[in-house]
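Chemist: Spelled out, the chains give:
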Amino acid sequence: MFDFDYQFFIEVLVGGLLSGVMYALVAIGFVLIYKTSGVLNFAQGPLLLFAALTYVSLVERGLPAPASLIVVFAVMAVIGVVIERGILRPLANRPPITLFMATLGLAYVVEGGAQLMWGGQVHALDIGVSDTPFDVYGVFVSKFDLFAAVVAGVMVAALIAFFQYTRIGLSFRAAASDSYAAGAIGLRLPTILATAWIAAGFTAVVAGLLWGARLGVQFSLSLVVLKALPVLVLGGFDSILGAIVGGLIVGATEKLAEVYIGPFFGGGIEIWFAYVVALIFLLVRPAGLFGRVQVERV
Amino acid sequence: MKHLSLPLSWAWPALIVAAAYALAPWLGSDYLFEAILLPFLALSLAAVGLNVLTGYTGQVSLGSAAFLAIGAYAAFNLNLRVPGLPLPVTILIAGALAAVIGVAFGLPSLRLKGFYLAVSTLAAQFFVQWALTKFPWFSNDSNSGVIDAPVLKVAGFAFATPLGRYYFSLTVVVLLTTLAWRLVCVKAGKDFVAVRDHETAARIIGVPVLRAKLVAFAFSSFLIGVAGVLWAFAYLRTVEPDGFNIDRSFQILFIVIVGGLSTIRGAFLGAALIVVLPLLLSRGSAALFGGDIDSGSLDMIQRIALGALIIGFLIAEPDGLAALVKRIAAALLGRARKPVAAR
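Quick mapping for you: the protein sequence lines, in order, are chains A and B. If you're matching positions, the first sequence starts at 6 in this note's numbering and goes up one per residue. If you're matching positions, the second sequence starts at 43 in this note's numbering and goes up one per residue.
Wrong hints could be hidden among the right ones.
Derived DMTMM-like pairs (lysine to aspartate or glutamate); straight-line CA-CA distance at most 20 Å [stated by the list, open to error]:
id : chain 1 : residue 1 : chain 2 : residue 2
1  : B       : 155       : B       : 282
2  : B       : 229       : B       : 241
3  : A       : 40        : A       : 131
4  : B       : 176       : A       : 275
5  : B       : 176       : A       : 263
For the record, the hints were derived by calculation from the structure and aren't laboratory data.
Sequences and hints are given; from them, build the entire structure.
Modeler: This is the structure we're talking about:
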């Protein structure tokens with residue numbers, strides 16, 4: 006440890022930042038739902054699993070990749086509408102924590118449904134980008150990670166454009182800032198909510214395919230949600246920027262901790278380290294980095 | 043209302059407990075005790091514990107299984123390393139240890155609310171599971187943290203048979219549930235509810251919010267810790283850290299939701315349903331499809347059924363089985379009064 010290996014440090018850091026992008030991809034799906042519905046959607050992980058599993062199964066059954074992708078997007082859109090109709094609407098105006106528990110139930114249903122439909126075995130997913138490292142100024146970077154980062158960047162740009170420059174995006178923001186007022190001026194909240202769930206479903210497809218290509222498409226994919234939660238806490242539940250910054254922080258500290266602190270504990274600290282970082286952070290800023298501070302009125 | 047309902051509120055539980063003691067020897071098979079009643083009792087106690095925290099105090103915890111594990115492993119180590127320690131003392135210390143750790147993980151609740159808190163309780167879940175797997179000391183150097191429970195023995199009397207373990211669990215659960223019930227009836231319990239209903243308002247009218255939250259975390263973790271001892275010592279007899287995973291935490295939360303938040307009896311009704319449901323489903327599907335259905339699919343069907351059940355209850359009966367039973371009882375007794383006020 007006396008002669009500190011800077012190149013190795015930077016390599017770990019870059020690797021961490023890039024895996025943080027992967028976390029951010031998952032976290033963005035949560036943010037979309039939280040902004041509009043005010044609920045932490047625990048089913049985002051299972052939805053991601055469902056999307057990836059459906060895609061892989063379709064491809065394995067001989068459907069061409071682009072067609073499969075379209076089918077998956079369509080299926081996710083249908084699921085989004087069904088969730089809005091079947092769960093959110095009956096639970097309208099109930100406390101957020103009730104909605105959260107409903108998404109826990111939904112997580113079980115989606116998880117069970119995905120595997121009942123397509124089977125529980127592990128599928129390999131090849132999206133045409135290999136995980137080979139290549140050299141950037143003496144630092145080895147995974148090609149796959151870079152690809153994921155680019156995809157994430159494109160997705161975020163698309164989402165921002167959607168929110169800033171389209172009419173439905175504007176009504177989105179109205180509903181997010183005050184859903185009662187948005188309803189009062191005649192915005193159709195059910196449509197907005199359904200759109201939010203569809204958008205979250207689409208991000209689930211993107212995140213699901215990337216994560217699936219990395220880990221293999223299997224049950225544990227839905228546990229990615231547990232990786233995204235500290236990211237959300239760090240960044241704030243209602244900020245896309247927060248999701249990205251949070252993802253980068255969690256990814257970097259997690260990898261660095263695993264390499265530099267982990268050996269003292271016998272390794273494996275990745276599982277909880279992010280949570281501890283998030284917790285310490287929350288003690289200073291209880292609404293995360295970019296989260297809106299809730300004002301409680303009596 | 044209070045003076046009328048008090049004797050009745052004692053009568054029914056007392057009757058049921060009496061029946062649980064008196065009828066057990068005639069209930070027959072060991073299977074009933076091993077597969078249904080023992081897990082039911084342990085999970086009921088855990089659900090009572092979580093209900094104190096989530097139902098009464100409004101602090102959602104997703105880390106209950108961690109405290110089950112703490113109770114189980116603490117009792118195991120106390121039993122192993124402190125020779126001659128009486129079992130009731132072991133259980134109390136194990137519960138107390140869970141309470142102390144519960145307070146430590148409850149500290150963020152002083153700053154955090156709602157989802158932020160729920161997520162932070164996951165830290166307990168992952169940290170405890172990791173620590174128990176990683177440090178072999180906790181499981182006395184056994185393979186991947188598996189521990190074997192000793193025979194339950196109080197003052198020379200061994201509770202070795204399933205019936206004996208049932209009586210042991212029942213006694214512990216009855217004692218602690220009574221304690222929990224009294225706690226939510228006295229000032230401390232009212233403080234919990236005030237914190238849940240409106241924290242800022244509670245603080246303004248002089249409720250010691252911070253203390254109430256920490257007491258809730260401590261007492262809840264204590265109950266769950268003791269439930270963990272029952273789970274490991276009376277029910278499974280052999281446990282590993284993996285058995286206390288996040289699914290177990292959700293299971294306990296589901297029991298509380300299905301049974302009804304902030305009712306003690308809800309915890310028992312919910313636990314009964316959650317324990318029996320998978321058995322019913324596997325029996326039912328065996329009857330329907332013969333042996334055609336493989337265990338993997340059955341597992342998934344159970345997951346779907348459980349999830350659908352949760353959603354269904356939240357939509358149709360948010361006050362859970364407790365409210366449902368109350369309504370049915372009222373209808374049967376022919377004195378359909380006003381519907382139960384929501385919480």
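Chemist: For each hint given before, does the structure comply? Return the numbers of the non-compliant ones in rising order.
Modeler: 1, 3
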